[in-house]
Amino acid sequence: MPYQQKLVTVAGYTVLLLTAAIFLFVAAQAWPFFRDQVDLSFFTGDRWLPVSSPPSFQIRGFLVSSFMITSMAIVVGCPIGILSAVCLAELLPRQASILLRSVFEMTAGIPSVVWGFLGLTVIAPFVARVFNLNTGLTGFSAGLVLSVMILPTLVSLADEALRAVPREYAEASYALGATRWQTIWRVIVPAARGGIVAAVLLAMGRAIGETMTVLMVAGGRLTTPGSIFEPMRPITALIAAEVTNAARHSEQYHALFAAGLVLFSITLAVNAIAAAVIVGKKAEA
Amino acid sequence: MVESKHKVGFRDVSIFYGRLQVVKHVSAEIPEKEITAIIGPSGSGKSTPLRSLNRMNDHIGGMRITGEAIIDDQNIYAAGVDVVRLRRKVGMVFQRPNPFPKSIYENVAYGPKLQGLRTKADLDIIVENSLRQAALWDEVKDRLHASGFDLSGGQQQRLCIARSLAVGPEVLLMDEPASALDPAATAKIEELMLMLKRTLTLIVVTHNMQQAARVSDRTAFLLGGELAEYDVTRKIFTAPQDKRTDDYISGKMG
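So the protein lines, in turn, are chains A and R.
Numbering-wise (numbering that gives the first Met the number 0), the first sequence opens with residue 0 and increments by one.
Numbering-wise (numbering that gives the first Met the number 0), the second sequence opens with residue 0 and increments by one.
Be careful, since some hints might not be right.
[Unchecked claim] Computed footprint of chain A on chain R, listed as stretches where at least three residues anywhere in the stretch have a Cβ under 8 Å from a Cβ of chain A:
| hint | region |
| --- | --- |
| 1 | 51-61 |
| 2 | 158-167 |
| 3 | 195-206 |
| 4 | 221-227 |
Hints in this document: simulated from the structure, not taken from any laboratory.
A virtual CB, placed ideally from N, CA and C, is assigned to each residue, including glycine.
The shape of chain R in the complex, shown without the other chains (with noise of 0.2 Å):
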């Protein structure tokens, strides 16, 4: 088996806030266009690495990481590195749906626009296109100036979906979904990930195993801040090497 080309990259990260350390020395490297799925039990920091790779964690005071997150080799925790083109680069799908109380048509259009974009055509293409990718295009083409609160749950994830593969990123991170959705639309979701890999590197947090079965091509089982284990979705499932991930998974943790 080729051992295809690693787009993501933990090398001994480690996450504070304030005095309170979150993630522990968190080391692993992250292959492109697969799917990685980070699991572990509630409180054990899966949402922070995650988060730690659009530096969405700036925001919050007191924070402070040391080692390096690094993405198409470059530490973008470096000097110098410019947080909005990384942003553009690695898109990122929350735990609420959390579409703009804009129209559909401007959710989507909202990134291209921030980055100068005003020809319509060019826009009219560009959200499209991405509603398309986020499998939304059908269900909403009639109604693109509707506001997007008009849409259901799982339908408004898929905007938010849409809305950020419009600014065109390599990374998608995605922080538990489908955690507020009904199974119908939690399938869809899945179904979507599946294609987005063809042309993304994606991670998702989940804290649903199945899920975490279902679509992944790796499993990273985070305990306490910890990385515990890490390898092939099939291997986390069927041969952990590990006791602590065996009791997680069969549920005698968690």
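Only chain A is shown next, with the shape it has when bound in the complex (with noise of 0.2 Å):
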């Protein structure tokens, strides 16, 4: 093998190799905690009191705000970037969607604090007196701004799927006798499903993962939230929160790592389906 080629073949295996480090680095670090564990109160708990004694770590209420507000994230966001997907790949002029497309990938570098930001002083206020609510920082406000953070993954790897579509499929489509709207609804997306579904799990994985605007926006209670509406603090919140007060090797620490590989564990199955689609669907072609 010529030394480019092995340079390139390490350099892609150190990506695997370090992506199995980092996980096996926080599972280490994660271990003391679940070694002490004798049930799942950790995950059906809701008592997080990291200074108390005896202390309690308990994230069931932090395990459903990060549910809540990627569920609000891929419910508001998904349609809107499907169908802005649909609209740039199929219904806009050619030189109007490269200048769109380019906008979306500009979006994607709005560093997340901004985002944050703009949640914390438009968004939440906004919230707050449409729905008449004491305070706008709850997962509802989070989940709303974070339906926007995702769309450029959604709608580029979506627009990417659309376009991959054989032009004979819309030809075939339209000798038919159908109209554009039936062609893209009926031919065109349809063969795109599978390229959709992978935008969707990876703009879904993207959302779990946001950590600086939710810890910003949605509010930070320490408990289960009996609804949307309520403040609440998902995984990534907590650990952002926590981590640095927590002294080395403390229970809390060990804890927040419990929390960490939880997390880094639903991500990483998020991704994998999102991988096994887009291989599934290569294989099918």
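Since each chain comes alone in its own frame, lean on the hints to assemble the complex.
Here it is, written out as structure tokens:
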């Protein structure tokens, strides 16, 4: 093998090894915590009391918060994202489509702290007013901001999937007397289904992992929220908020790593499913 | 010999893509329930007049057409022509088999469903009839819900023909329908064409002169966008009037 090729191969494996190493490191740091657990109360309990004696570390509230906010982001973001992708790929003239796509890609570069700031100063007060809440810092506001933040991922991947659909399908459809609208919804979108599902899953992974925005906008209550209109704290925000205060190798420190391991496993699973969908789609074609 | 009715006609048709003129003043009357072949060297603008007959060229930016393309005594480029209705009447089969990534059944049912047909019993009948007409029924009747991609190339092309037949066309345009197929599959398609001409008017673009000679009743020879010669196939291949036609069919050109 020529050395250039070796170099590239090594670089490729390094990425793989790094990911595995990070996972193992997190798992090792979480292990002392899991070792002392006798039941599943870590997942099912609602008491996160790191400085009480004895302390209690239970993450149901954070899990539920993550789930609620991600769901909100997906439910609101997906229809908008998929419709935008259809618009970009099928409806707009070429020039407008290129322009809009680069605008979407630029939004991907907005730092999440800026989104958080927008959420804090614009979205949250708006939500508080519209729904007549004491505070707008709720899962709803965070989900709303996230639904916009996932759009670049969602739109560019879905747009790519739609563009990859062979023109011959559209031609066959038109030749059978289909309108443009019928062709888009009955042939092109179904043909791109695999890629669109993968786009949604990757966007979901992005939403689950987002930290700064939810830390700033979601409100930060530590117990299980009764509804999405309450303040809450997803797992990412929990870790970000507490890890700097936790003494090294304290029980809290290991518990935060345990929460991190759970989060990591969820995003890994979501991304793995997305990858499987993409590979499956390629095998099918 | 009784002259049969003219189904399709070109009257001084010229087609431009931007400034480029691809079809030059073509005039021809095409009788119904016959097979008309369009032959000519590649790049001589064979597909363009074919695709003008179901207005598939409309999707190409900068396309302009002058003259009249006639189907059933009506200029299909006249104002107010319903393109959707036109395409139900004038079906098309493409060069490469292009079934949708759907089941065999759903491929054939696609056109009727577009028209709002929903009743399963009705769709079942149309799907079966269309597949029978396309000589594919016996090969697929036990696996109608398998993907269209599971079929061989020749079967896929017959599936595409069945899909066209399902909307009940009167004219079928075929753009080199066998060019991506092996000889056995090609023979099947040709056999099918001869069966279909009992009920349909077929216009087929082909670069395969043997194919034109085998299946067509009339042959149009296009050269550089001009209609060099158009006549009964036997005459074109045995006693061409134009020297260019003679050169082409005897292999001196092309």
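* To do: Would you list, in rising numerical order, the hints stated earlier that this structure does not obey?
  => 3 and 4
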